[in-house]
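J.: For reference, the chains in residue letters:
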Amino acid sequence: MNIEEYISSGIVESYVLGLASDEERAEFEKLCGQYPELVAARNSFELSLEKQAFDNAPKAPVSGKQKFLDFINQQPVINPESSKIIAMENTNASKSSGFRWLAAASVILFIVSGWLAYKFYNETVTLKSELQNTKDEQAKLDNRLKTLEEQQRVINDPKVSVINLTGMPKAPASSASIYWDSTSSNVWLLVKNLPQLPNDKQYQLWALIDGKPKDLGLFDPQGDNKIMLKMNNTQKADAFAITIENRGNTGGPTLEDLQTMGKAKL
Amino acid sequence: MISKITYGEAELVALLQQRNNQAFTYLYDNYSGALYGIINQIISDRESASDVLQEVFVNIWRKIETYDISKGRLFTWMLNIARNASIDKIRSKSWQNDLKNQPIPDDVNMLEDQSVKLNTDSIGFKKILGKLKEEHRSLIELSYFQGYTHEEIAKGLSIPLGTVKTRIRTALLQLRTMIEQQ
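For the record, the sequence lines run as chains E and U. First residue of the first sequence: 3, per the working numbering; consecutive thereafter. First residue of the second sequence: -4, per the working numbering; consecutive thereafter.
Just so you know, the hints here were simulated from the structure itself, not pulled from any lab data. Any given hint could turn out to be false.
Calculated lysine-lysine pairs in the DSS-like style (CA-CA distance at most 30 Å, straight line) [as the list claims (entries may be wrong)]:
#1 U/K88 - E/K67
#2 E/K53 - U/K122
#3 U/K66 - E/K53
#4 U/K126 - E/K32
#5 E/K142 - E/K194
#6 U/K150 - U/K84
#7 U/K58 - E/K69
#8 E/K61 - E/K32
#9 E/K203 - E/K214
#10 E/K216 - E/K238
#11 U/K58 - E/K67
This one's a predicted model, so the numbers in the text were calculated from it and none came from an experiment.
Here chain E stands alone, though its shape is the one from the complex (with noise of 0.2 Å):
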């Protein structure tokens, strides 16, 4: 091709006119790409279309500007810019609501979160105190069961005799056994029947040894629960007998209060 030709066929002013058909279009821009001089032909006359438009140009009506601008101004959504700060506003509206959202449902969950807490805590409270109660009475139990064997092992024990103590004029319903392992002085008390006694006044034990007594103890009666109580150790006894005296007794025994006595078979 002649692009010299071709510049001044008139196709560059047809061009830029907007006169040139479609294919003398696509024909124009392909050899633009193509040929310097052809693009430097057609900014040429650009400028002096453009100049010559410029130095006739009349005075626009005042008016229309302001209207564009109002149009430009109405129209956010189309503005890339304005979309973008849109699209920043939703954001913010999303965000800002599903932080109300979020906080709504942490204050929910910081009720309901208080409420169970509150609920465990009691339950945990009984729990323990139910714990207690139960190892509390565990322990009771190991000790009654502790004291009952060894009840019955003193009971079985064949080295281990049996003194029965019976009622004395002064309360002839009285009665308890003594169970003595002479071999180890060990000294057992069951209680069968003693009478309750007034806060002030317990129950003391002895042996009476060559007409002497020894304190083996003092006692409380005991309610229905009976059990062997260990008193102190003797190595020898002829009787043992069970008085009434103040409570803490130290002092020797009020002969006079004797309940229940019995002989040591020895």
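Starting from the known structure of chain E, arrange chain U on it as the hints suggest.
T.: Here is chain U on its own, set in the frame of chain E:
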């Protein structure tokens, strides 16, 4: 006028394509007069031309992404928008109803009568156009100012298409020379 432009064209185009309001204000301030002149060449009625100018700026605003700087200058692109909007206006039903006695002829035999009505007192481009030979002037008038295709003109004036094309190009080259000498 061009010397007043403080934006580089590429910079202005970039801002316009970002829908920068300031750039559009600048565009209106600097280009509305020249574009109004383009419109005036086709529509002499001030009010209608104003409406078209408004339409042109809205179209520029809407179509600015489609502008390709490699295919020509921004003003050329806008000039063609202005020209097309003006032609659309004079071809619209409402325009033809308003004119009543001056319908744009479907019968292209009336084209020559139309071209005779050319106002050679018009400013700028059209003023230059008046200096052309009649056979060239009417073809420019029909193709550029009234938007008829070469085929329509060839058919309407009973001239071979090749001749229409050659004459128009010759006319355009003469116009260019006159514009550059102005």
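J.: Compare the distance between the alpha carbons of E/K203 and E/K214 with 30 Å, and conclude whether the hinted pair is satisfied.
T.: Roughly 23 Å separates the two Cα atoms, so the pair holds.
J.: Below or equal to 30 Å on CA atoms is what counts here, so check U/K88 against E/K67.
T.: Distance ~27 Å between U/K88 and E/K67 Cα, so the pair holds.
J.: Holds or violated: are the alpha carbons of U/K66 and E/K53 at most 30 Å from each other?
T.: holds, 19 Å
J.: Taking 30 Å as the top limit, are the C-alpha atoms of E/K53 and U/K122 close enough?
T.: The hint holds at about 15 Å.
J.: Run the distance test for U/K58 versus E/K67: straight-line Cα separation, threshold 30 Å.
T.: Holds - the C-alpha atoms of E/K67 and U/K58 are around 19 Å apart, at most 30 Å.
J.: Sort out whether E/K32 lies within 30 Å of E/K61, counting only the CA atoms.
T.: Judged against 30 Å, a Cα distance of about 38 Å means the pair is violated.
J.: Would you check the hint for E/K216 and E/K238, treating anything up to 30 Å between C-alpha atoms as holding?
T.: holds, 10 Å
J.: For U/K126 and E/K32, compute the direct alpha-carbon distance and say whether it is at most 30 Å.
T.: violated, 34 Å
J.: Starting from E/K142, check that the Cα of E/K194 is at most 30 Å away, please.
T.: holds, 22 Å
J.: Between U/K150 and U/K84, is the straight-line Cα distance small enough, at 30 Å or below?
T.: holds, 23 Å
J.: Given the hinted pair U/K58 and E/K69, is their alpha-carbon gap at most 30 Å?
T.: holds, 18 Å
Hints 4, 8, counting from the list given before, are not met by this structure.
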